[in-house]
Structures are given as structure tokens and as C-alpha cells.
Amino acid sequence: MTVALQAGDVAVELGGRRVLDGIGLDVRRGELVALIGPNGAGKTTLLRTMLGLQRPAAGRVLVDGCLVRPGRAAIGYVPQRHEFAWDFPISVANAVATGLTGRLGLFRRPDVAAWEAVADALDRVQLTGLAHRPVGQLSGGQRQRVLVARALASRPSALLLDEPCAGLDMPTQELLGLLFADLAREGRAVLMTTHDLLGAIDRADRLVLLNRTIIAAGPPGELVGDPAPWAVTFGAGPDSALARMLKAAA
Amino acid sequence: MSLTDFFTDLFNPDLAFLPKALAVAVMSSIVCGVVGTYVVLRGMAFIGDAVAHAVFPGLAVAFVVSGNLVLGGTIAGVLTAVLVAVFSQNRRLKEDSIIGIFFAAAFALGIVIISRAPGHAGSLQQFLFGSITGIPDSDLYVVGGTALFVLLAVFSLHKEFVTISLDRESARALGLRVFWLDLALYVLVTLAVVISVQTIGNILVLALLVTPAAAARLLTDRLGIMMILAPLIGALSAFLGLYISWSWDFPAGGTIVLVLTVVFLAAWAFSPHQGVLARWPARRASRSVGAADPLSSELVS
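Order-wise, the sequence lines are chains A and B.
For the first sequence, our numbering gives the first residue as 1, with consecutive numbering after it.
For the second sequence, our numbering gives the first residue as 251, with consecutive numbering after it.
Just to be clear, a hint being listed does not mean it is correct.
[As the list claims (entries may be wrong)] Lysine to any residue pairs mimicking SDA-like chemistry, simulated, CA-CA at most 25 Å apart:
{"#": "1", "chain 1": "B", "residue 1": "Lys-344", "chain 2": "A", "residue 2": "Gln-54"}
{"#": "2", "chain 1": "B", "residue 1": "Lys-344", "chain 2": "A", "residue 2": "Glu-13"}
{"#": "3", "chain 1": "B", "residue 1": "Lys-409", "chain 2": "A", "residue 2": "Pro-89"}
{"#": "4", "chain 1": "B", "residue 1": "Lys-409", "chain 2": "A", "residue 2": "Leu-127"}
{"#": "5", "chain 1": "B", "residue 1": "Lys-409", "chain 2": "A", "residue 2": "Leu-104"}
{"#": "6", "chain 1": "B", "residue 1": "Lys-409", "chain 2": "A", "residue 2": "Phe-107"}
{"#": "7", "chain 1": "B", "residue 1": "Lys-409", "chain 2": "A", "residue 2": "Leu-106"}
Hints listed in this document are in silico derivations from the structure and should not be mistaken for laboratory results.
From a predicted model like this one, the values you see are computed outputs, not experimental measurements.
Just chain A, same shape as in the assembly (with noise of 0.2 Å):
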């Protein structure tokens, strides 16, 4: 499998701070990948290196072998669903349609190509039936699916996913999981984040484990049966609720 995303021995400061350090990460096409750590790991700050947002102090992010630039590289990106304003005015189908404004550029309106993305995002993410309705209007499992279908308008083939599932009830993240999971068989390269470690363990191809810096990375079946990782990431004893959960996955 070809690697779309590679961080080469990434560090970040924030404000005099290192933040991240030594990251090296590659998630090829194809993978579904899970990045899980407390908060404060520095989750959120590894996927805007990823995205080019966040200059790092050290190392370089490449996307499909170019060095990262917002804008430019071939990523969709997912943020927390609260970032989104859901009290604008504006239907499923345009909040989806300004996925492409980056690539249309200024002053051109969305061409008859343009909208033919939308409608393919929106069918790969079922939601046909609502591209009239006000955002508004939407359920959180909806909502979620109205921001993967804007990432998936401009065909990328990677995505970047921020704590997708966050605040979303079992069913609805069973049925975002297996999303995920389709999007990468589909030939995409998915990293996402998450606090849900039930649904990374059962669905990623692959968990890494961070906490400023990469503590381990592999298959959930190899991660799964070695607490001390954990431990580390999570300063988690052995007695904790986390060490139970991963003796009962195990």
C-alpha cells in the first residue's frame, strides 16, 4: 500500500513549549488509523501539522510525497463537530459544497462538476435525502456525516478525522465506525482521534499511542495484549477501569 501521509521526526512547540517530539508516522491508503491519548497529548496539534497548519520546530509532514500546504495537498479534514457553526442558515448540500471553495478559488461559483462531488458526497455518506434541509435541523450522527461528506467533496485521498465520535451515542458511532472503516477499504488513507477506545480497538487497522511523543503504534490485536504502553500513555495503573477494559478486549 501506498504511504499518502508520512511524518518524518516531527517536533511542534507551542508557545516556547514542545509540545510534540521525534513524531514519525506513516498511514499508507487503505489503513484506518487511530490516535489515541489523553488529553493534552497532542493529538489535535499532530493532525493540524498534518494539515500544514501548524508549522512544525522539527522534521517535515509529506503528502503523497509533497511537502504539506494547506490548500494544496490532496486531505480532507474533519473537525470536532463543535467547531462548526450549525446555526448558520444553509442546507446540507452548500455547507458541503464549501468543501471545494479552496480548489474552485476566488470568485468562481461551484460548476456543474462541482456539484456533481457533492451529490457523490453525499450519496458515499447517505445523506441524498437531506441535502435540502437546514443544517440546523440535523442529529449529531447526521451532523458528523454532513462534515465527513464536505472533507470527501474534493476526492482527497487522505483524511484527517478530529474525535469524530465524541459526544455520540453507541448506534450512531457503530454506524460512523463502519464508515470510516469503508472509506479507507476505498483506497483512503483515515487518522483519526479519539477517546472511544472500544470502537478503535474493533475497527482501526491500526492504534497509536501518544503522548507528546509516539509511546506504540501496531495492530489493535498485538497493542491490545501489552498494558505497559497504556500505563505509559495514560498513566494508568494497573487496577485502573483502562487496564480492566484492555484484560476484557484482550
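Use these hints to put chain B onto chain A, whose structure you have.
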């Protein structure tokens, strides 16, 4: 005064200032309605107020040196917008604090400058509360040209403005220059304010930016319709306000704003889906269901 008498006065050559005032009021209402849609949807009312006050020193300088008011106001407004944008990069202070500092400073500077002009009390009142009698022919063309430019700019940058309004981080990831687009929007707000100041006044111009767009938001869930309704509400209110002000000898600016407020209150009460009256039966029903079964109230909401 009947509406017919008002129309007669509009075509009376001895009252040439009246159609000019109406044209400027309607044009500025249309522009403010369109630009105000973004102001309301992005929660930028405070920066709209700041820009409205910030244009004052520019107007004052232009007045003192007998220069072009629109140009003077625009330079001062844009300068303040740039200062706010630059100083806001310092994360220790929130943007609203920076805005508060600069708009008060700009307004104070305007008062100091205008105090040096002979007969400044009258000029000050004219700037603060607007006047329909002092609009020269040249300003009519400047306002018309500026209005056309603002509308063209808004429609050209519409998809960019929508994208950054929805989610700034994703907009950056798409390669949009969010800082420059913000600045472009501030400049357009400034231009809309400057062309409106003459009829409605510096203090009340915020109402022209915010009230029609807020009323339109209550009436629709569609951005396109909101951008048509807001200028329509603004223009009709400007016409009605000027008519009432002319009939009863009220100040034009204040009357236009009061008409706008009435329209807003009507939208708040009678909006088909979000109006208080439309939601009242549903609330009553949910209360009675909730009283019967504590769990069902959550299902209804």
C-alpha cells in the same frame, strides 16, 4: 401627511434634498442589509459598532479640511479594523477588549478633531444623528458607486465568506487566507457604515447593519433568502421612516431605526416557524405532555 403628499414633495424642485436623502437612505439600507447578514450570522455586532464609531475621526478630518467624507471615513474605519486585527493576534487579550479600546479611542479622537472646527456643535450633531438636508449631489454618486462596489465585492467573495463563517480551522485547511478575508469583510462593513452615516447618523448606523438582518434571520433558514429579505426590510423601513419623519417632523435617523425595530419585533412575534406566537401552541402541548409523563418531555423536545 398622506403618502400622495409625500410623493408630491419628493418631486417638488424646491425640496430637492428630499429625494436625495431618500435615495441615499434606501441605497445604504440595501448595502447594510446585505453586509449585515454576515455581521449578524458571525456575531460581529460589536465590531460593527466599533467600525461605526471608528469612522468618526475620518469624517471629522474630512469635514475640517473640506475633504471627501466617504474617503475620510473609510480610511479611519479600515485603519481601526487593521489595528484591531493586528492587536488581536496577542492571545492574552480577547478581541472584544481590543475593539473596546480602539473604537472608544477613535471616537474620542473624532470629538477632539471636530471641536477644532468652527461651529462644531452643529456639525457634531449632524454626524451623530444624521441629517437629510445636507447631502450634496456629488455624494449621491459617491454613495451609489460605493454601494455598487460593496455589493459586487460581497457577491464575488460570497463562498469564501460563508466558508470562513462556518468553520475557520477547516477554511484554513482549505487554503483560504482567513485573516485577509476577515479584513476584507471589515472594509466592506466600514464602507456600508460610511455611506449610511449621513442620513442615519454615527450612533444609530449599527441598527441599519444589524436589525434588518436579524429580522430576516427570524423569517428564514435559507441564507440566499435572508440576503434578499434583509436589504428589502432595510429599504422599505428607510422609505417608511423617512415618510414618517417628514410627515411629523421627527429626526430621520431615529425614525428609520424605530421603524426597523417595529419590523424586528413583528418578525419575532409572527415568524412562521420561529415566532413566539407560532411556537406557543407547541410549548403548551409539550408542557401538558411533560406533566403527564416526566420522561416524555425529553422526547418531545
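Mind checking the alpha carbons of B:Lys-409 and A:Leu-106 for me, to see if they're no more than 25 Å apart? Between B:Lys-409 and A:Leu-106 the Cα gap is close to 9 Å, so the pair holds against 25 Å.
Could you grab the alpha-carbon distance between B:Lys-344 and A:Glu-13 and see if it respects the 25 Å cut-off? This hinted pair holds, its Cα atoms lying about 22 Å apart.
Straight-line Cα separation of B:Lys-409 and A:Pro-89 no greater than 25 Å? With a Cα-Cα distance of about 14 Å, the restraint between B:Lys-409 and A:Pro-89 holds, given a limit of 25 Å.
25 Å limit on alpha-carbon distance, applied to hinted pair B:Lys-344 and A:Gln-54: Distance of about 21 Å is within 25 Å: holds.
For the pair supplied as a hint, B:Lys-409 and A:Leu-104, confirm whether the alpha-carbon distance does not exceed 25 Å. holds (10 Å)
Does A:Phe-107 sit within 25 Å of B:Lys-409, going by the straight-line distance between their CA atoms? holds (8 Å)
Agreement of B:Lys-409 and A:Leu-127 with the hint, judged by alpha carbon distance not exceeding 25 Å: holds (22 Å)
The structure shown violates none of the earlier numbered hints.
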